[in-house]
Amino acid sequence: MELTGADIFVRCLRDEGVEYVFGYPGGAALHIYDALYRQDKVKHILVRHEQGATHAADGYARSTGRPGVVLVTSGPGVTNTVTGIATAYMDSIPLVIFSGQVATSLIGDDAFQEVDAVGITRPCVKHNFLVKDVRDLAATVKKAFYIATTGRPGPVLVDIPKDVTAHKCEYAYPKEVSMRSYNPVTKGHPGQIKKAVDLILAAKRPMIYSGGGVILSEGSKPLTDFVRLLGYPITQTLMGLGAYPGTDPLSVGMLGMHGTYEANMAMHECDVLIAIGARFDDRVTGDLEKFCPHARIIHVDIDPASISKNVPVEVPIVGAADAVLAEMIKLIKAAKKKPDKDALAAWWKQIDQWRAQNCLDYDRDSKLIKPQFVLETLYELTGGEAFVTSDVGQHQMWAAQFYKFDKPRRWINSGGLGTMGFGLPAAMGVQMAHPKSTVCCVTGEASIQMCIQELSTCKQYDLPIKIVNLNNRYMGMVRQWQEFFYDRRYSHSYMDALPDFVKLAESYGHVGLKIEKPADVEGALKEALKLKDRLVFLDFITDQTENVYPMIAAGKGHNEMHLKPCKAVVSTDRELA
Amino acid sequence: MRHVISILLENEAGALSRVAGLFSARGYNIESLAVAPTEDSTLSRMTLVTTGSDEVIEQITKQLNKLVDVVKLVELTQGPYIEREMLLIKVRAAGDGRDEVKRLADIFRGHIIDVTDTTYTLELTGTGSKLDAFIEALGPAGIIEVVRSGPSGIARGEKGVHV
Chain Z
1 MELTGADIFV RCLRDEGVEY VFGYPGGAAL HIYDALYRQD KVKHILVRHE
51 QGATHAADGY ARSTGRPGVV LVTSGPGVTN TVTGIATAYM DSIPLVIFSG
101 QVATSLIGDD AFQEVDAVGI TRPCVKHNFL VKDVRDLAAT VKKAFYIATT
151 GRPGPVLVDI PKDVTAHKCE YAYPKEVSMR SYNPVTKGHP GQIKKAVDLI
201 LAAKRPMIYS GGGVILSEGS KPLTDFVRLL GYPITQTLMG LGAYPGTDPL
251 SVGMLGMHGT YEANMAMHEC DVLIAIGARF DDRVTGDLEK FCPHARIIHV
301 DIDPASISKN VPVEVPIVGA ADAVLAEMIK LIKAAKKKPD KDALAAWWKQ
351 IDQWRAQNCL DYDRDSKLIK PQFVLETLYE LTGGEAFVTS DVGQHQMWAA
401 QFYKFDKPRR WINSGGLGTM GFGLPAAMGV QMAHPKSTVC CVTGEASIQM
451 CIQELSTCKQ YDLPIKIVNL NNRYMGMVRQ WQEFFYDRRY SHSYMDALPD
501 FVKLAESYGH VGLKIEKPAD VEGALKEALK LKDRLVFLDF ITDQTENVYP
551 MIAAGKGHNE MHLKPCKAVV STDRELA
Chain R
1 MRHVISILLE NEAGALSRVA GLFSARGYNI ESLAVAPTED STLSRMTLVT
51 TGSDEVIEQI TKQLNKLVDV VKLVELTQGP YIEREMLLIK VRAAGDGRDE
101 VKRLADIFRG HIIDVTDTTY TLELTGTGSK LDAFIEALGP AGIIEVVRSG
151 PSGIARGEKG VHV
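If you read the sequences in order, they're chains Z and R.
All residue numbers for the first sequence refer to the working numbering, where the first residue is 1 and numbers rise by one.
All residue numbers for the second sequence refer to the working numbering, where the first residue is 1 and numbers rise by one.
Keep in mind that the hints are not guaranteed to be accurate.
Stated by the list, open to error - Straight-line Cα separation of at most 25 Å, PhoX-like style, residue types lysine-lysine; simulated pairs:
#1 Z:K142 <-> Z:K195
#2 R:K159 <-> Z:K309
#3 Z:K187 <-> R:K130
#4 Z:K142 <-> R:K66
#5 R:K159 <-> Z:K195
#6 R:K62 <-> Z:K194
#7 Z:K195 <-> Z:K43
#8 Z:K187 <-> R:K72
No lab work stands behind these hints: they were computed from the structure.
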């Protein structure tokens, strides 16, 4: 039987096992929306802005490992997805975005709501397609999912003209995809793995540096086994948190610009660096000239272009983190040589001295609410079990520092692109995928306003997200940089005319709570967590002057961190204009 | 350093802009780019000339290989190879100079492919430096228009770049 393109499209989603589509209808997508209406297998979640759809699909993907699916119309529908697509691209998240397009006969005519979707998204997708013939539709959808989810994952866009969704043909969903031009590797080269293991076992001051690639490849288990087998210290990137338990003594915390003192110092002093599924981002490395000056470097990555891109590497291994780790474990177990116990003990002694700096300490006696205190309390009350999404800025760094993630896929944030507005819609996708779990969105009053309209979506689908708004009446990270590097000229970082977030939440049908005293923090969080079926907007009025420490300023090395000024200095020396 | 990269890519709409877009997005140089379908009409062959340090060239080849439309890639400058470029040039050819232009074209083994009372249009194939030398020999005064294809390259020996 022949089906229309629209029905074929929906059947493809069904046969691909798609549970949710996050989207927003419009002219060019109306045939598809009609086909969605006439079935009940694929559930459509109506967002309030297409950017929200991409972040929600992204949150779904990050928290489940399955691809997130987006459906929008042509023109502004697809241009509104660009930020979300770029966000997913930078963090290698599998998304498949379907956009309506004007009819093939109108393409190029500057038709109503026409935009060159393939052209506009080209630099921020793994690949994209324009389907010109309904007979190519099913195979293209299959390819899109295949490309998005294999190798180094990423977003793939499929642009579908309206007439293609009306034309008919026989439907058959391909079982397999074979593309002569796309064959991602998985297994690492055995010779290189052997070389790496020899180097790992000969290390005196080893350091394991793991990233988001471990989570993407489901490599958490082999990573944990690998680290424990060796007893070596591990630091994780912002994207990698949770792949190895953050509460484990072998974990020295996050590294990089706002990483811990012990992690960054250990990076600086290590003699063998084992990088796994991490890409030597500038926020991680600091000044490349000063990066790991004593280390011989092993780098495991599925993307050959990530290897030796920023930092030259001695032992490159192209492969999926989970597979390569499993191979390395086998070789380590079989090896006659064992790690040098004495050297390792001395190394740990040194690391423990750095640890004793207690670099994340903050003023616990403050009369103002310290953002760190809110996050510490959130961590304790949720037992570290919550899914935590965040926006971008100071609150993101504090969440990464103070919420100890013991499991992968619990920490959902925009690491690469740094997209403000990501947190709330991402939390929607997470909550959809995990309806019984506690999902918290840690945000700030600036970030939350970038996708605030999604409070309405949360109401429509009864998503009981807990929004932890660390409200310091500033774009905190911008303010911090202006304080440090622009002689306290706070240019446009102050958010005047803020809404009453409690009333705002209430107007959307949610619960709003405003918390102004440290003594009320725990009670408010408890109350919010108790409301299992309601979205609660917790507006914490926090200390405006608080800064994120430790910090490596741009152009500095890992051993040149700013630690928090002592408490006396904090209270007298830092007043805001 | 100058590098010549030969790419076999899917003959799809947009494939060329993916390659060109990669170079502009990542700040790499393109000196020239020549592309056309092969004997298999689903494939195009591109010869791309670029400059950069060894590290940059390594990144360029890795990034190109990542493009889904790129089927195969060889850096020709890593081994013995041949490159040829075509020049179409329209020159003034009137009076005494007319014979001189003809003689020069013969010396460089060029062909006259169009004639008017006052001009010749010439075709010349060779390496870039040969074409440069010819253009210089003609002198700037007589040149009306220059069209160069950019080099196409192929490796020496028995091996070829196939799917």
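Structure-inconsistent hints, enumerated in ascending order
Per hint list: 1, 2, 3, 5, 7 violated.
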